[in-house]
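**Student:** For reference, the chains in residue letters:
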Amino acid sequence: MHEMALAESMLEIVEATARKHGATRVSAVRLEIGALSHVAIDALRFCFDAVTRGSLAEGAALEIDATPGEAWCMPCGERVALAQRGDPCPRCGSFQLTVTRGDEMRVRDIAIA
Amino acid sequence: MCTTCGCGGHDATIDGKPMYRPAHAHTHADAITHGPPHHHGHDAHGHFHADGTWHGRAYEVPHAHAGPLGAAHAPGTAEARIVQVEADLLAKNDALAAANRRLLAERGIFALNLVSSPGSGKTTLLVRTIEAWRGRSPVVVIEGDQQTSFDADRIRATGAPAVQINTGKGCHLDAMMVGRALAELDPAPGSLALIENVGNLVCPAAFDLGEAHKVVILSVTEGEDKPLKYPDMFGAADLMLVSKVDLAPYVNFDIAKAVAYAHRVRPGLEVIEVSATTGAGFDRWLAWLERGIAAAATRRDGDVEALKARVADLESKLAAFAGGARI
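If you read the sequences in order, they're chains A and B.
The first sequence begins at 1 in the working numbering and counts up one residue at a time.
The second sequence begins at 1 in the working numbering and counts up one residue at a time.
These are computed hints drawn from the structure, not numbers from a lab.
Treat the hints with caution; some may be incorrect.
The calculated lysine to aspartate or glutamate pairs, modelled on EDC-like cross-linking and capped at a C-alpha distance of 16 Å, are [as the list claims (entries may be wrong)]:
| id | chain 1 | residue 1 | chain 2 | residue 2 |
| --- | --- | --- | --- | --- |
| 1 | B | K92 | A | E15 |
| 2 | A | K20 | B | D186 |
| 3 | B | K229 | A | D87 |
| 4 | B | K92 | A | E12 |
| 5 | B | K92 | A | E104 |
Here are the computed distance ranges between Cβ atoms for each label pair [to be verified]:
| id | chain 1 | residue 1 | chain 2 | residue 2 | range |
| --- | --- | --- | --- | --- | --- |
| 6 | B | S316 | A | R79 | 29 to 37 Å |
| 7 | B | E315 | A | R91 | 52 to 60 Å |
| 8 | B | A98 | A | T100 | 31 to 39 Å |
| 9 | B | K17 | A | H21 | 50 to 58 Å |
| 10 | B | L286 | A | R25 | 54 to 62 Å |
Don't be surprised by glycine CBs; every beta carbon is placed ideally from N, CA and C.
Isolated chain A (complex conformation):
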């Protein structure tokens, strides 16, 4: 449950951005969260509501863009879909995989007023 720390980092980024643009309120926050990242989405939503209370982003809608997992398969020599770490290559069954996409945890954009 490190999602509280992640939510606090998110709020710092959101508030700093909002202030820089002279905003008084943040109405929506959009995150990009990879399927292979270190985040439990439900926990992050819960923490988002908790940390934004009393902030510029109180009541803001939280949008989450999901990035699918993707890995480089050594035997196949190409990129393949990876639903979760520890899964085999869906093409050849090998575990010789290096994650290439899907571990993102980013604030993409915010809506301010």
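Following the hints, complete the assembly by docking chain B onto the known chain A.
**Tutor:** Frame of chain A, contents of chain B only:
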């Protein structure tokens, strides 16, 4: 501080002294205790399925990257401005970790982030390692636990300098805590720095501390399927120590299976079997540490040589310039 999950870390201490002043008001403690997490169904927010597929809001365009926020929020938010941010959630931690890594590199220090479940025998392993390491290079230890200085006390009893970070309600060490601890310890050039993270196979995986490697410890009194249960952590490690191997004959732990599972999430992961009780495997473990120390020293010497060459080059340019100016 969140009383439910408690991961804010703002009551962290270092050797008992407060580490943080709160950066912003924390009103969430009350909020969280008001009730259970509300459920987000299909219609409200969208959600991930266990298989990783995402179901977005009903009115979203049905693929993941559905244009800017404004598009999704058009009704009722016509006046809202959309500001591009594109900032990593861990950017601040990663920047602090990079600063730690620079400091360690400048001093040729080999730093390891030791991670495991509670009870894998990390501290006992460290004590034995420090004793076996004696005479090779200085050692410093950073201990992370929610409470108590028991672990740092055990390390200090070996004579090695140690600081105890208490994370309070926090579930992991972060780069800022380790930066403070390094400042306290002021480790000598060429040191071995051992960072014992909070016993937790989930959260510490996400937080870079500036270490050279994460070393994951799996004891034979645990389950051999842990690499698959906690793939993030095993996937982030560069070495797995299978510990308490002296107990292997008495427990149902299939080491080969554990290694095979670890290789599923981290192909090529190096594995060393050790026992802090009998000293089994310590020759390999110490040799691994020796290689790390040597590599850190080589990198530092390389940096120093490069700097000396640059200084010599600049001095010769300066001399030529000064000479030229005199003429």
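**Student:** Run every hint past the structure and note whether it holds.
**Tutor:** Hints, one by one, checked against the model:
no.	hint	result
1	B:K92 / A:E15	holds, 14 Å
2	A:K20 / B:D186	violated, 37 Å
3	B:K229 / A:D87	holds, 12 Å
4	B:K92 / A:E12	holds, 10 Å
5	B:K92 / A:E104	holds, 15 Å
6	B:S316 / A:R79: 29 to 37 Å	violated, 50 Å
7	B:E315 / A:R91: 52 to 60 Å	holds, 59 Å
8	B:A98 / A:T100: 31 to 39 Å	violated, 22 Å
9	B:K17 / A:H21: 50 to 58 Å	violated, 38 Å
10	B:L286 / A:R25: 54 to 62 Å	holds, 58 Å
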